[in-house]
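Q: Below are the chains, spelled out letter by letter.
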Amino acid sequence: MSRKPYIREVSKTSWFLSQPRYKRYMAREVTCIFIFAFTFLLICALGSLAKGPEAFQSFLHALRSPLGVLLNLAALVATIYHSMSWFDVTPQAMPIQRGEEFVPGNVIVGAHYGAWAVVSLIILIWGI
Amino acid sequence: MSEERQIQLEVLRYNPETDSQPRYQTYTVPCVNEWVVLDALNYVKENLDPTLSYRWSCHMAVCGSCGYMINGEPKLGCKAFIHEYGDHIRVEPLANFPIERDLVTVVEDFIAKLASVKPYLIPKEDKPISAGEFKQTPAELKKFKQYTLCINCMLCYAACPQYGLVPEFLGPAAISMAHRYNQDSRDGGRDQRQEVIATDEGVWECSFVGACSEVCPKHVDPAGALQQVKVASTIDWYKEHLMPWVKK
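Chains as they are written, first to last, in my numbering: chain A, 1355 to 1482; chain B, 2 to 249.
Keep in mind that the hints were calculated from the coordinates and are not lab data. Misleading hints may appear alongside valid ones.
[What the hints assert, rightly or not] Derived pair list, reagent style DSS-like, types lysine-lysine, alpha-carbon separation capped at 30 Å:
#1 K1366(A) to K146(B)
#2 K219(B) to K146(B)
#3 K80(B) to K1377(A)
[Said to hold, decoys possible] Derived, one-sided and incomplete: chain A residues facing chain B with beta-carbon distance under 10 Å:
#4 Q1451
#5 A1465
#6 Y1467
Positions of the beta carbon are idealized from the N, C-alpha and C atoms, including for glycine.
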C-alpha cells in the first residue's frame, strides 16, 4: 500500500495569531522596533552634538515636542516589557547548581531586578 | 458513582486511500468524568467506528505515543481529563507533522533528528569491564536528570512555531537530549554532538518562544536546555577565536 501523507501548511504571515502564547512572544519581539528607534534617536543626538551647541539645543527642543515625548514613553514601556520578559526566563537559560541543589529561580530573577535597580540608581544619581 | 455525561468528540479524519484532504467527524460519546480523552477515543474505536486510527500504548504518560492536538493544544490523550473540558472536544493529529491517517502522524523526521544527536553515552575513554563502573555523585546526576524524563512524545515539536515554519530545525526534544548527554559527567561526546546542534538548523534556529516547555507533559524544560546550549556554544566561539591557546 502506497503512502500519501497529508501536509498541513503553516501560514508564514499569520501563524502567531493562532495561540495566545505566540502573541506574547511576538509582543516581546516587536519591542525591538522601539529599542531600535530609541537607539537611532541617540545616534541623531550625537550627530546634532557634533554640529555644535545650537544644533543640539534645537534637537533637545524637538525632543520636548509631543511626538518626542510619545516616542520616549513608548520606548520606555517597550524596554521595560522587553527586559522583564527576559529576566523572567533567566533561571531557564542560566541555572546555578550549588552542591546537589539548584538555586531557586526567583533568586536568580530577583538578582537581575536588583542589579537593574542598582544600575538605574547610579545613572540617576550621576545624571543629577 | 461517577456521573456519566455525553460529549461531542470531533475528530480530524484522513484516509489516504480515499480522501484528498482531512475532514472532521463528530461522535457522541457517553463518558464519566474520570475518563481521559484517550478513553473516549477507545470507546469510539470499540463501539462506534473501528476504522478510527490513532496511536497509544501505556495509558500512563510513559510511552509518549498518544500525543494529539486537543482543542488546539498539544496534549497526551492519556493525561487530558474529560472533566477539564466542556461537552465539545476537538481532537486533531499533532500539528507540524504530516498526517499518515486520522490521528496518526509521520514521525520519521523526528526519529532521524533524534538519532543524529547521538543520544547515548560516548565514554571519554574505553575501559575494560574489570575496571569497574563509571561512578557519579548525586550532584552530577542532578545536573541532567530532568532531561532524562523526556518520553519523545513530540508535543514540543507540535507546539514549536519555528519547527512548523522551518522543518529543517533540529527541534526541542532532540537538542534537549543532546544536552542531557553533554551534561553527563561520564560522557565525552560533546564535540561530536556540537557539530550537529551548534548550527543554523540546530540551536540557532530557536528564537525562544518557550512553547515547548509550556506543553511538555514531563516538565523537561526543553526551552531551557536550548538556551543553555546557546550560552555554551557562544563561550566555545569566544574561546576559539579570542583565546585559541585555551583548550575547550
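Q: With a cut-off of 30 Å on the C-alpha distance, tell me whether K80(B) and K1377(A) pass.
A: holds, 26 Å
Q: For the restraint on Q1451(A), tell me whether the closest CB of chain B is nearer than 10 Å.
A: OK, holds: Q1451(A) within 10 Å of chain B, min 6 Å.
Q: Given the hinted pair K219(B) and K146(B), is their alpha-carbon gap at most 30 Å?
A: holds, 12 Å
Q: Interface hint check: A1465(A), Cβ to nearest Cβ on chain B, cutoff 10 Å. Holds or violated?
A: violated, 17 Å
Q: Taken at face value, is the distance from the CA of K146(B) to the CA of K1366(A) at most 30 Å?
A: With Cα atoms ~37 Å apart, K1366(A) and K146(B) exceed 30 Å; violated.
Q: Using Cβ atoms only, decide whether Y1467(A) comes closer than 10 Å to chain B, and label the hint accordingly.
A: violated, 19 Å
Checked against the numbered hints given earlier, the structure breaks hints 1, 5, 6 and satisfies all the rest.
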